[in-house]
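**Q** Residue-level listing of the chains:
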Amino acid sequence: MIINRTRYLTQGIAKILIWIGALSTIAVMILILLQILREGLPVLHLHFFLESPKEMGREGGIFSTIVGTVALTLVAIFVGAPLGVGTAIFLREYTRESKISRMIRFGTDCLAGVPSIIFGLFGFVFFVIRLNMGWSILSGGLTLAAMILPTVISTAEESIKAIPHSYREVSYSLGGTKWQTVTRVVLPGALPGIFTGILLSVGRSIGETAAVILTAGSSLVMPTSLFSPIRTMSVHFYILAREGISMKMAYGTGAALILFVLIINVMAQWLISRYIRHRS
Amino acid sequence: MFQESKIIIKDFSFYYGSVQALKNINLNIQPKEIFTVFGPARSGKTTLLKSLNRLTDLIFGTSYTGAIFLDGMDIYDPKVGLTHLRRRVGMVFDLPTPLPMSIFDNIAYGPKLSGTNRRNRLDEIVEKALRSAVLWEEVKDRLHTSALRLSGGQQQRLCMARVLALEPEVLLLDEPCSGLDPISTASIEETLFQLKKDYSIILVPHNIQQASRVADRAGFFLNGELVEEGPVYQIFTKPKDKRTEDYVTGRFG
Amino acid sequence: MQLQEKIIGKILLLIALSSIFILSLITFFIFEEGIPLILKIGPKAFLLGQKWIPSKGLFGIFPMIVSSFWVTIGALLLGIPLGLACTIFLSELIPPSIATLFRPAIQLLAAIPSVIYGFWGLIVLVPLIRNYLGGPGLSILAGSLVLSFMILPTIITISEDALKTLPPSYKAGALALGATHWQTIWRVLIPAARSGIVASVILGMGRAIGETMAMIMILGNAVKMPTSFLESARTLTTNIGIEMGYASGSHRQALFATGIVLFFIIMTLNTLAIFLSKRRAH
Chain A
16 MIINRTRYLT
26 QGIAKILIWI
36 GALSTIAVMI
46 LILLQILREG
56 LPVLHLHFFL
66 ESPKEMGREG
76 GIFSTIVGTV
86 ALTLVAIFVG
96 APLGVGTAIF
106 LREYTRESKI
116 SRMIRFGTDC
126 LAGVPSIIFG
136 LFGFVFFVIR
146 LNMGWSILSG
156 GLTLAAMILP
166 TVISTAEESI
176 KAIPHSYREV
186 SYSLGGTKWQ
196 TVTRVVLPGA
206 LPGIFTGILL
216 SVGRSIGETA
226 AVILTAGSSL
236 VMPTSLFSPI
246 RTMSVHFYIL
256 AREGISMKMA
266 YGTGAALILF
276 VLIINVMAQW
286 LISRYIRHRS
Chain B
6 MFQESKIIIK
16 DFSFYYGSVQ
26 ALKNINLNIQ
36 PKEIFTVFGP
46 ARSGKTTLLK
56 SLNRLTDLIF
66 GTSYTGAIFL
76 DGMDIYDPKV
86 GLTHLRRRVG
96 MVFDLPTPLP
106 MSIFDNIAYG
116 PKLSGTNRRN
126 RLDEIVEKAL
136 RSAVLWEEVK
146 DRLHTSALRL
156 SGGQQQRLCM
166 ARVLALEPEV
176 LLLDEPCSGL
186 DPISTASIEE
196 TLFQLKKDYS
206 IILVPHNIQQ
216 ASRVADRAGF
226 FLNGELVEEG
236 PVYQIFTKPK
246 DKRTEDYVTG
256 RFG
Chain C
265 MQLQEKIIGK
275 ILLLIALSSI
285 FILSLITFFI
295 FEEGIPLILK
305 IGPKAFLLGQ
315 KWIPSKGLFG
325 IFPMIVSSFW
335 VTIGALLLGI
345 PLGLACTIFL
355 SELIPPSIAT
365 LFRPAIQLLA
375 AIPSVIYGFW
385 GLIVLVPLIR
395 NYLGGPGLSI
405 LAGSLVLSFM
415 ILPTIITISE
425 DALKTLPPSY
435 KAGALALGAT
445 HWQTIWRVLI
455 PAARSGIVAS
465 VILGMGRAIG
475 ETMAMIMILG
485 NAVKMPTSFL
495 ESARTLTTNI
505 GIEMGYASGS
515 HRQALFATGI
525 VLFFIIMTLN
535 TLAIFLSKRR
545 AH
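Chains as they are written, first to last, in the working numbering: chain A, 16 to 295; chain B, 6 to 258; chain C, 265 to 546.
One or more hints might be untrue.
Calculated cross-link-like contacts (lysine-lysine; reagent style BS3-like; alpha-carbon spacing at most 27 Å) [what the hints assert, rightly or not]:
no.: 1; chain 1: C; residue 1: Lys270; chain 2: A; residue 2: Lys176
no.: 2; chain 1: A; residue 1: Lys193; chain 2: B; residue 2: Lys117
no.: 3; chain 1: C; residue 1: Lys270; chain 2: B; residue 2: Lys117
no.: 4; chain 1: C; residue 1: Lys270; chain 2: A; residue 2: Lys193
no.: 5; chain 1: C; residue 1: Lys274; chain 2: B; residue 2: Lys117
no.: 6; chain 1: A; residue 1: Lys30; chain 2: C; residue 2: Lys435
no.: 7; chain 1: A; residue 1: Lys114; chain 2: C; residue 2: Lys274
Here are a few chain A residues that face chain B, going by a calculated C-beta distance under 7 Å [unchecked claim]:
no.: 8; residue: Arg111
no.: 9; residue: Ser181
no.: 10; residue: Val185
no.: 11; residue: Ser188
no.: 12; residue: Leu189
no.: 13; residue: Gly190
no.: 14; residue: Gly191
no.: 15; residue: Gln195
So these bits of chain A aren't anywhere near chain C, every CB distance computed over 12 Å [to be verified]:
no.: 16; residue: Val58
no.: 17; residue: Leu59
no.: 18; residue: His60
no.: 19; residue: His62
no.: 20; residue: Leu65
no.: 21; residue: Glu66
no.: 22; residue: Arg73
no.: 23; residue: Glu74
no.: 24; residue: Phe78
no.: 25; residue: Ile81
no.: 26; residue: Asn147
no.: 27; residue: Lys176
no.: 28; residue: Tyr182
no.: 29; residue: Leu235
no.: 30; residue: Met237
no.: 31; residue: Phe242
Quick caveat, the hints were computed from the structure, so don't treat them as lab data. Positions of the beta carbon are idealized from the N, C-alpha and C atoms, including for glycine.
Full structure from sequences and hints, please.
**A** Listed below in structure tokens is the structure:
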């Protein structure tokens, strides 16, 4: 009887500790976001978004950085999405588990683990210097494309895997070739999932700083071509904060960053849940 | 007789890896007949059907010996286009598998694969196929709604229409009525009688009764072996092999 | 038609090889820039040297290695218990319907850019530490605290996955034998999921060692051997991030060499984690 009570006492204490631990973790995370939003939301007027930074960021808004962020992300998606989806199609439809597929998966897993500063170093020496692209939207976008590749591949693979094999069998039995089956049956069904993966990659690209600062530079001037250097929102935020240029602008940029990232991720989550419901 | 057979299966054995699923099958299928392939589960019936349009190619690690001839042409000849073969030999599976598209797009899927794109041509093909599958009247007003909303029996007839849209020469039907209510089953069986006038049909029946109702000739499959084949009446009333007799009279199965 | 299909297949193969190709490119160029320097001053001087003075050609990164180590250990000291607590909380202590609300929230927190966490650390944690614990505030302690939060989503999602894939008979069997809920969790489920949990910790470690921007913002910039958690320091990553903007020649090469060391450490950790999760699958 005494032994019984100790067991339940231990359980009670353990559970309380865990509740405290978990809830305080969640609380701190929320506090972090609230802190920045609280100081930063008041700064977010329309002209904040539509004006470019003036006086090195002390005045004005973040328009050029928004343009830079969008441009960089577009390049990354334009290059990374086809590569990623193509890889997923190859792995799922054109080959089975073999040395090649294992090698590709290993490469993708490793790529997923490379830290962004290393991508930055690589992008710098390869795109900026060797290929002579300089600090530019192109250099930054291509580096980002490499960074999002693993995410696109794995979400695309999952989506393709979810298409029932019977659909493929039907297509083949009606005389379809492999490519016809992929493009007319598999991809249309997998598109929502693939799109979600791309959306998540967009969210990731927006927050990426280390690799971007080393490849796209930090110019506040509005870009004129793919070869123009630009500053993205996250880089701008980092510079404002670290150089102590303007707390108000920093908070505003930070709040904008958080909002954009949150909106994109919530959209992606909503798409995922709708996709799952649609399937069943 | 040799020249007239639609399909000639000669000394055909099929292996999943090292497991032999079909043992030295020798069988001729005539044009414009219904041949039923019956027997207990796992006798190789589906494997036989899938070999006839080389859907078995989709499975990894399979091999075969012997040959299968369609109108005198070896279907495993590398020069034979797989897509061409599968358009001539169409298959309906045991589970209704409408593609996630409209009824119209389902039927038009096959013809579009082979390049038929003009809208009025597709309209003709779809109507003809749906009429042949006895489905036209039921769906003609909702051709562009999702095929997934049809009932089980309608979906299965959709799958038939889908195959018929390609105007094949041979129909492979693998338990086309499983899971269907008696009325749908009856309408499909009626459809088969109509189709027999133009196609060679190889049918894996749901049960022996269906086989004897519908088919002209029958072949009993047991453990991958074609035990015996002949006219339906003879197989089911005066089988020559004891194993056939045991199965047909219900002693096992 | 057959030829077209063959060509498409070959094109897709080339596309699929892109990830290996990129990985090779990264490895090649990082090494190409960094190895000459390591060879020039000798691996021992580079890895064990305690003085980093680029203007004098001194490139010892031992203080950075040690600092990276301590920041990561600190992050794990807090991150593992909290991460386990949250994992157990999510999978065992709350009803599944509420848990499904929490999980997207964790994904959202994982998506927050690291510079945001760094900023918060800078304006909240650093003054707190400076005022109550002493030192400049910009410290290893601040870095560890922020890092622990950043690696939580990694630890939680992977550990939770490890718990979820356990056979339900484990839990049912333990409870049937009279164990309390807590005993079941602590003595049966967690040990059974141990390789997945360890994999999650290793991946979290990799993430922590690789973090740059937030660390630049709150670790300070002291290039010396750290002697306490309250001191400023430089990690391998912040070393690169801070000086890359203006380095040239041998100095720049030394930063790439730092990158090589970082690359090695993280690749080892990640391969270990992959290996562990593959073993779990059996």
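**Q** Are the hints correct? Go through all of them and say.
**A** Outcome of the hint check:
1. C:Lys270 / A:Lys176: Judged against 27 Å, a Cα distance of about 23 Å means the pair holds.
2. A:Lys193 / B:Lys117: The hint holds at about 15 Å.
3. C:Lys270 / B:Lys117: Answer holds: lysine 270 of chain C to lysine 117 of chain B is near 21 Å, not above 27 Å.
4. C:Lys270 / A:Lys193: holds, 10 Å
5. C:Lys274 / B:Lys117: Given that 27 Å is the threshold and the Cα spacing comes to 25 Å, the pair holds.
6. A:Lys30 / C:Lys435: At roughly 17 Å apart (the allowed maximum being 27 Å), lysine 435 of chain C and lysine 30 of chain A satisfy the hint.
7. A:Lys114 / C:Lys274: holds, 16 Å
8. Arg111: Since the shortest Cβ distance to chain B is 6 Å, the answer is holds.
9. Ser181: holds, 5 Å
10. Val185: Interface hint status for valine 185 of chain A: holds (5 Å vs cutoff 7 Å).
11. Ser188: Interface hint status for serine 188 of chain A: holds (5 Å vs cutoff 7 Å).
12. Leu189: The hint holds - leucine 189 of chain A has a Cβ within 7 Å of chain B, the shortest such distance being about 4 Å.
13. Gly190: holds, 4 Å
14. Gly191: Interface hint status for glycine 191 of chain A: holds (5 Å vs cutoff 7 Å).
15. Gln195: This interface hint holds because 6 Å falls under the 7 Å limit.
16. Val58: Since the minimum Cβ distance to chain C is about 14 Å, valine 58 of chain A lies beyond 12 Å and the statement holds.
17. Leu59: holds, 15 Å
18. His60: holds, 21 Å
19. His62: Non-interface label on histidine 62 of chain A holds, nearest chain C Cβ at 23 Å vs cutoff 12 Å.
20. Leu65: About 23 Å separates leucine 65 of chain A from the closest Cβ of chain C, which puts it past 12 Å; holds.
21. Glu66: holds, 22 Å
22. Arg73: Nearest chain C Cβ is 17 Å from arginine 73 of chain A, so the label holds.
23. Glu74: holds, 20 Å
24. Phe78: Nearest chain C Cβ is 19 Å from phenylalanine 78 of chain A, so the label holds.
25. Ile81: Isoleucine 81 of chain A clear of chain C: closest Cβ-Cβ about 15 Å, beyond 12 Å.
26. Asn147: holds, 14 Å
27. Lys176: With a cut-off of 12 Å, lysine 176 of chain A remains clear of chain C, as the shortest Cβ separation is near 16 Å.
28. Tyr182: Check passes; 19 Å lies beyond 12 Å.
29. Leu235: holds, 16 Å
30. Met237: Methionine 237 of chain A clear of chain C: closest Cβ-Cβ about 22 Å, beyond 12 Å.
31. Phe242: Non-interface label on phenylalanine 242 of chain A holds, nearest chain C Cβ at 20 Å vs cutoff 12 Å.
Consistency with the previously given hints is maintained throughout, with no hint failing.
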